[in-house]
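Peer 1: Next come the chains, spelled out residue by residue.
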Amino acid sequence: DTGVSQDPRHKITKRGQNVTFRCDPISEHNRLYWYRQTLGQGPEFLTYFQNEAQLEKSRLLSDRFSAERPKGSFSTLEIQRTEQGDSAMYLCASSFDRGTSMNTEAFFGQGTRLTVV
Amino acid sequence: AQSVTQLGSHVSVSEGALVLLRCNYSSSVPPYLFWYVQYPNQGLQLLLKYTSAATLVKGINGFEAEFKKSETSFHLTKPSAHMSDAAEYFCAVSISGTASKLTFGTGTRLQVTL
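If you're matching them up, the sequences are chains A and B in order. Per our numbering, the very first residue in the first sequence carries number 1; after that it's consecutive. Per our numbering, the very first residue in the second sequence carries number 1; after that it's consecutive.
I should point out that these hints are in silico values taken from the structure, not numbers from a laboratory. Remember, it's a predicted structure, so these values are computed and weren't measured experimentally. Mixed in with the good hints there might be a few duds.
Said to hold, decoys possible - Taking CB as the label site, the calculated pair distances span:
1. A/50 x B/14: 41 to 49 Å
2. A/40 x B/17: 21 to 29 Å
3. B/113 x A/40: 31 to 39 Å
4. A/39 x B/60: 21 to 29 Å
5. B/18 x A/76: 22 to 30 Å
Positions of the beta carbon are idealized from the N, C-alpha and C atoms, including for glycine.
For reference, chain A alone in the conformation it holds in the complex:
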């Protein structure tokens, strides 16, 4: 396994268009996270899944954003009617969590850089 994979690495889109990003986590990982990182800032939590269930969504995730993990494996993040403020790096991470383990680690992908023009 080569780690968390994100596709595409870069996306340029016109304002108002819809975009979809894909994340393939490490195969045995049951948790998957989406973060957004804008220039000069640290990553901000968007949402996470335990298997196929979406357990938490940040208030940053407006109704234009939707994330799915249909079979508990890969995940997609869709942004509808993109705005210039959506320009950012979108990071995916995964981990294996038994619920009681104190030594889990989130492994991050290389991110998808979105530019809205």
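Take the given structure of chain A and dock chain B to it, following the hints.
Peer 2: Just chain B now, with coordinates in the frame of chain A:
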């Protein structure tokens, strides 16, 4: 709610000099603290983590950090900087020891000069 503050958005050190990157946290419950490194156009890599065991935590690439409850700090250090350490460093806090939702600081860019 929990948060972290990283003092200094840019730090410059000479090769071979001590690296000190500062992180202070705020948490209403005992925190779990992490340091991540990000190289240009790359994702984040975990350097080390504090999960309420030993207060001095050793990580990869010669980095270590000390949890000081009285100072609410978790500063990252390395005795001797190497050119390959140049990167962005992020401190993060979680209220769970698991890899659940992380709250990151704004990052510190480390520059290493000859």
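Peer 1: Look at each hint and say if it fits the structure.
Peer 2: Hint by hint, here is what the structure shows:
| no. | hint | in the structure |
| --- | --- | --- |
| 1 | A/50 x B/14: 41 to 49 Å | 46 Å, holds |
| 2 | A/40 x B/17: 21 to 29 Å | 25 Å, holds |
| 3 | B/113 x A/40: 31 to 39 Å | 22 Å, violated |
| 4 | A/39 x B/60: 21 to 29 Å | 27 Å, holds |
| 5 | B/18 x A/76: 22 to 30 Å | 45 Å, violated |
Hint compliance for this structure: hints 3, 5 are not met, and every other hint is.
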